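Novice: The primary structure of each chain is shown beneath.
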Amino acid sequence: MSSRVTFSQINGLVQSNIQRNYAKIANLQEQLSSGKAIQRPSDAPVDLTKDLQLRSDLRQLEQFKRNIEDGMSYLTIVESTMSSTNDLFQRSRELALQARNDTNTDTERAHIMSEVKVILDSMVATANRSYNGAFVFAGTETRTPPYELREGKDRIDSFDNSATDGADNVLNLGAPIKIWDRNVTDSQVVTPNPNGNAPVNDILPGSLKITGLTEGEDYEVDYVQGTITFLPTTTTNIPGIGNLTDTEIAAAIPTADPEGRAETYPGWPVPPFSPQPGGGLEVTFEWIKRSDKDMDGVINREIEVGLTGKINVTASEVFGSPTDVTTWDAMVKLMEGLHKDKGAIIGEAISDIDSSYERILTGQATMGARMNRIEMTQSRNDESYIETTRLHSFIEDIDFAKVISEFLMQESVYNASLQSGARVIQPTLANFL
Amino acid sequence: MSIFGSLEIGARGLGASQLALNVLGQNVSNANTEGYSRKRLELSADSRTDPSFGEMGFGVNVDKVARISDNFLELQIRRELTEQGFFISLDKGLERIENILTEPSDAGLNEAMDKFWASWQDLANNPEDPAAREVVRSTALVMEDKFHTLSRQFDELQMAQEADIEGKVEMINGMAEEIFNINEEIASMEISGGMANDGRDRRDYLMQELSKLIDVDTFEDEQGRLNVVTAGNVLVGAATVIKLELEKSTTTDESGELVQIGTIKFENTDKIYTPRGGELKGAFEMRDEIIPKFENFLDELASTFVESVNNLHSTGYNLEGNTGVDFFTQTNQTAESISLSASIRASEHNIAAATGGTSVGPINLASTIPAPTNQVIDLKTIDPNYRDIVQGSLQINMGSSELREGPGNDYVVDYGLGTVTFLNYNRYAGGEAIDVNFRYNSSGFSGPGDGSNALGIAQLRDQFTMGQDINGNPIKTMGEFYSSSIGVLGIERNQAKSNVETRGFLVNQFMNRKQEISGVSLDEELGDMIKFEHSYQASARFISTINKLLDTLLNM
Numbered sequence: 001m002s003s004r005v006t007f008s009q010i011n012g013l014v015q016s017n018i019q020r021n022y023a024k025i026a027n028l029q030e031q032l033s034s035g036k037a038i039q040r041p042s043d044a045p046v047d048l049t050k051d052l053q054l055r056s057d058l059r060q061l062e063q064f065k066r067n068i069e070d071g072m073s074y075l076t077i078v079e080s081t082m083s084s085t086n087d088l089f090q091r092s093r094e095l096a097l098q099a100r101n102d103t104n105t106d107t108e109r110a111h112i113m114s115e116v117k118v119i120l121d122s123m124v125a126t127a128n129r130s131y132n133g134a135f136v137f138a139g140t141e142t143r144t145p146p147y148e149l150r151e152g153k154d155r156i157d158s159f160d161n162s163a164t165d166g167a168d169n170v171l172n173l174g175a176p177i178k179i180w181d182r183n184v185t186d187s188q189v190v191t192p193n194p195n196g197n198a199p200v201n202d203i204l205p206g207s208l209k210i211t212g213l214t215e216g217e218d219y220e221v222d223y224v225q226g227t228i229t230f231l232p233t234t235t236t237n238i239p240g241i242g243n244l245t246d247t248e249i250a251a252a253i254p255t256a257d258p259e260g261r262a263e264t265y266p267g268w269p270v271p272p273f274s275p276q277p278g279g280g281l282e283v284t285f286e287w288i289k290r291s292d293k294d295m296d297g298v299i300n301r302e303i304e305v306g307l308t309g310k311i312n313v314t315a316s317e318v319f320g321s322p323t324d325v326t327t328w329d330a331m332v333k334l335m336e337g338l339h340k341d342k343g344a345i346i347g348e349a350i351s352d353i354d355s356s357y358e359r360i361l362t363g364q365a366t367m368g369a370r371m372n373r374i375e376m377t378q379s380r381n382d383e384s385y386i387e388t389t390r391l392h393s394f395i396e397d398i399d400f401a402k403v404i405s406e407f408l409m410q411e412s413v414y415n416a417s418l419q420s421g422a423r424v425i426q427p428t429l430a431n432f433l
Numbered sequence: 001m002s003i004f005g006s007l008e009i010g011a012r013g014l015g016a017s018q019l020a021l022n023v024l025g026q027n028v029s030n031a032n033t034e035g036y037s038r039k040r041l042e043l044s045a046d047s048r049t050d051p052s053f054g055e056m057g058f059g060v061n062v063d064k065v066a067r068i069s070d071n072f073l074e075l076q077i078r079r080e081l082t083e084q085g086f087f088i089s090l091d092k093g094l095e096r097i098e099n100i101l102t103e104p105s106d107a108g109l110n111e112a113m114d115k116f117w118a119s120w121q122d123l124a125n126n127p128e129d130p131a132a133r134e135v136v137r138s139t140a141l142v143m144e145d146k147f148h149t150l151s152r153q154f155d156e157l158q159m160a161q162e163a164d165i166e167g168k169v170e171m172i173n174g175m176a177e178e179i180f181n182i183n184e185e186i187a188s189m190e191i192s193g194g195m196a197n198d199g200r201d202r203r204d205y206l207m208q209e210l211s212k213l214i215d216v217d218t219f220e221d222e223q224g225r226l227n228v229v230t231a232g233n234v235l236v237g238a239a240t241v242i243k244l245e246l247e248k249s250t251t252t253d254e255s256g257e258l259v260q261i262g263t264i265k266f267e268n269t270d271k272i273y274t275p276r277g278g279e280l281k282g283a284f285e286m287r288d289e290i291i292p293k294f295e296n297f298l299d300e301l302a303s304t305f306v307e308s309v310n311n312l313h314s315t316g317y318n319l320e321g322n323t324g325v326d327f328f329t330q331t332n333q334t335a336e337s338i339s340l341s342a343s344i345r346a347s348e349h350n351i352a353a354a355t356g357g358t359s360v361g362p363i364n365l366a367s368t369i370p371a372p373t374n375q376v377i378d379l380k381t382i383d384p385n386y387r388d389i390v391q392g393s394l395q396i397n398m399g400s401s402e403l404r405e406g407p408g409n410d411y412v413v414d415y416g417l418g419t420v421t422f423l424n425y426n427r428y429a430g431g432e433a434i435d436v437n438f439r440y441n442s443s444g445f446s447g448p449g450d451g452s453n454a455l456g457i458a459q460l461r462d463q464f465t466m467g468q469d470i471n472g473n474p475i476k477t478m479g480e481f482y483s484s485s486i487g488v489l490g491i492e493r494n495q496a497k498s499n500v501e502t503r504g505f506l507v508n509q510f511m512n513r514k515q516e517i518s519g520v521s522l523d524e525e526l527g528d529m530i531k532f533e534h535s536y537q538a539s540a541r542f543i544s545t546i547n548k549l550l551d552t553l554l555n556m
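Chains as they are written, first to last, in my numbering: chain A, 1 to 433; chain B, 1 to 556.
Some hints could be false.
Covered stretches of chain B, as calculated for chain A (at least 3 residues, CB under 8 Å) [stated by the list, open to error]:
hint, stretch
1, 124-135
2, 282-290
3, 457-467
4, 475-488
5, 503-517
To be clear, the hints were calculated from the coordinates, so they are not data collected in a lab. Here the structure is a predicted model, which means the values were calculated and not measured. Cβ coordinates follow ideal geometry from the N, Cα and C atoms, glycine included.
Just chain A, same shape as in the assembly:
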């Protein structure tokens, strides 16, 4: 060492060595009690940077897992809904086949009709299926049900025999008159009439009533398209008016001619005329209204970094868009055929049901593919999670066996330094003089 050694040198050395050993033991103890190799950034700065990022990645993988599971349950619900709809279709088709045969009596057809009505109600209910309070077929407009079975009301309150275009609310003989629902005055209506009412289609057969008139004699209804055609005949002596008797018309349209002219048929003024308020032919019915909101929105779940999976199926994809022959068109046609007791219409309905059925199958296939994709991502996610946890643990956690053996070794070094230090600092010359 050196030529001259003083007591304070020895003392100082012993102290600093013991200090150093003690600090090492304290560090090892800290590691053992926390289980972590890195207590603070200065312990291992580069490892810590990686550590923080890995922690973050783990959180993200957990989140993706949640998204995936949520997506899967959503898809499962949608899938089962479409399955139920399929089953209902199957049943409808059976009934249709049974009913098509013209050997059925009208009472038999009436019975079938009531079962079909029940099936229709179930279908509307499934179309309006919701998950967590959101309607699943409504795209992103999840607060409004996609389809509604509603009470509708319209009024035919003017008569113009010269008009041939079947314009709204004008009683016109021989041409189909479009029905509007005066109960709907939503500003969201896509193609409203001047009053803001919604156009009607898919009326439930048997539900349409016009006060004072009889279906089949006075008028015909096209239930799918939502039009009424008043039937013209030539049995009266008023040219071009049709087989409405004057008393019937008088009773149905109580109006007065504003100019006070005497008429050949009292109560039936010369056309055209403007209606008095409260007059007119009232039409009531039930119909299936499609929501006017944009239901084509996409619902996604992020299932991997930068990868989103679409999990919803829109109403248009399952039940048909307004320009297609929709599911409701098919069902209504079937009911129309049963109601009007016409086998031919039922025949048409069967092919409509078939195409709707195809559509749902396609939808199911798409959903199936999506579910597969998400499931594969799920297993990838699980693997990533395990691997990332392993890496994270490698950096952040201590190897218990290694640290414990280091600790034991350090402990014996510490003991040795204490003992040897004690022996060195005690004796001085004074002991021996």
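Starting from the structure of chain A, add chain B where the hints point.
Specialist: Then chain B, alone, in the frame of chain A:
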């Protein structure tokens, strides 16, 4: 030589031994005194001129009490202490910063940020759910809180540094004054030929303490006064001591707050003092460089949060169907001021989870995809409005099968520009019709079930929003920026710590060397004690022998 002369020799011997024992006693008593250097009695043989024999011994002369010390060693020690002092200051300061940031842990900012992003994901899954919205709000509040707390703690640390600087200035002034006083003592004592040993010991000790705080250069003039110079300016001069003054001025920092900054000047002058080493320099570095650096990291992070989240949020739609709402208050972009906007605080319905969007499609693209060299289809060529496509809304069908998006799959999309790049050319050469459906952003609310804006915000987590490469493009995500800042902290502290250790090692070596030279060795003193005891006894015996001679002479 007369007999009385011999007595004189004996007496002198006695005196010398006794003096030696006194010095020894002084050493032993002060063995543990800080800064004490051992004293030695310097003796020389005295002689008179005898006409017959020439030089004849006349006993022992006490020359002086010498102080055993090495001036050069002192200089070395001081230099190392100054260096070490600087790093000690840094190490302590950085340790405190580590304690403020508490990473890695569940209480740190990293965790708060992760939870924030996760809450947006959950909101994207359930945009109509008020609970999910509430969670977004509360994780944002926790993050806001964390930023505020960190900012406040940094401010407190800054103030502590100021107080530290103030305290050190006082200590320096006190020591400078004392050194000056000791200079006077030493000068007046040594001018008459004496040795001011204890004064010098004390002065050396003070200089050591002073050198821990600041860098010092010294020179001793002929009168024994030690002039102390620091950073090229005189602190202790021959005639006066020029103390340091702490001048406090109030300035505004970047966040517009009034802060008090202390500048050190020399008394009665306008010369600003910047120490070149020592703990004081470390304190300045902490206050002026290091703490602001980390405060800026936090501010930059907070600002990026506010900007990037607001950017997306203000173009999104909330549950009321309104747009243009900020999530954070746009004008508060520092760690101290970041806060949720008033509308979000008022109601969680105002969180904009939905994007607007108009549906388009299906559009029939050309039935063959362009040749492999140009597989990009620009939707804007169909209609110039087809850009800003809503993320995840694009769906491409070829015949009856759905193509898959993503690198390594069938196509990738640039949502902003509205271009689709088809990969895997061979798959499309069959001539089947390709239909594309998508939604692009125009005005209009797309429904309460739309969580795509929330998803977009959640995806900010993985987007490059910070850092810059040479072209000025961002190259880091917010998480990466934060973790690399923590990395910087760790590395700087490690450097400071290892410097403290290395310098400490050197200091210890020099101190040991000093002990070797100037330290009291008890064993040595005990041994010498026996020596002087014996010589005292011998001198006493000599005197009694001379006494007997005198007796014999007088009784003749």
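Novice: When I compare C-beta atoms, does the stretch 503-517 of chain B have three or more residues closer than 8 Å to chain A?
Specialist: holds (count 7)
Novice: Quick one: see if chain A covers the stretch 457-467 of chain B, three-plus residues with Cβ-Cβ under 8 Å.
Specialist: With 4 residues close enough to chain A, the hint holds.
Novice: Three residues minimum, CB to CB under 8 Å: does the stretch 124-135 of chain B make the cut for coverage by chain A? Let me know.
Specialist: As far as the stretch 124-135 of chain B goes, the hint holds, because 5 residues have Cβ atoms under 8 Å from chain A.
Novice: Can you tell me if the stretch 282-290 of chain B counts as covered by chain A, using C-beta to C-beta distances under 8 Å and a minimum of three residues?
Specialist: Contact hint for the stretch 282-290 of chain B vs chain A: violated, 0 residues under 8 Å.
Novice: Can the stretch 475-488 of chain B be counted as covered by chain A under the rule of three residues or more with Cβ-Cβ separation shorter than 8 Å?
Specialist: holds (count 8)
In this structure, only the earlier hint numbered 2 is contradicted, and the remaining ones agree with it.
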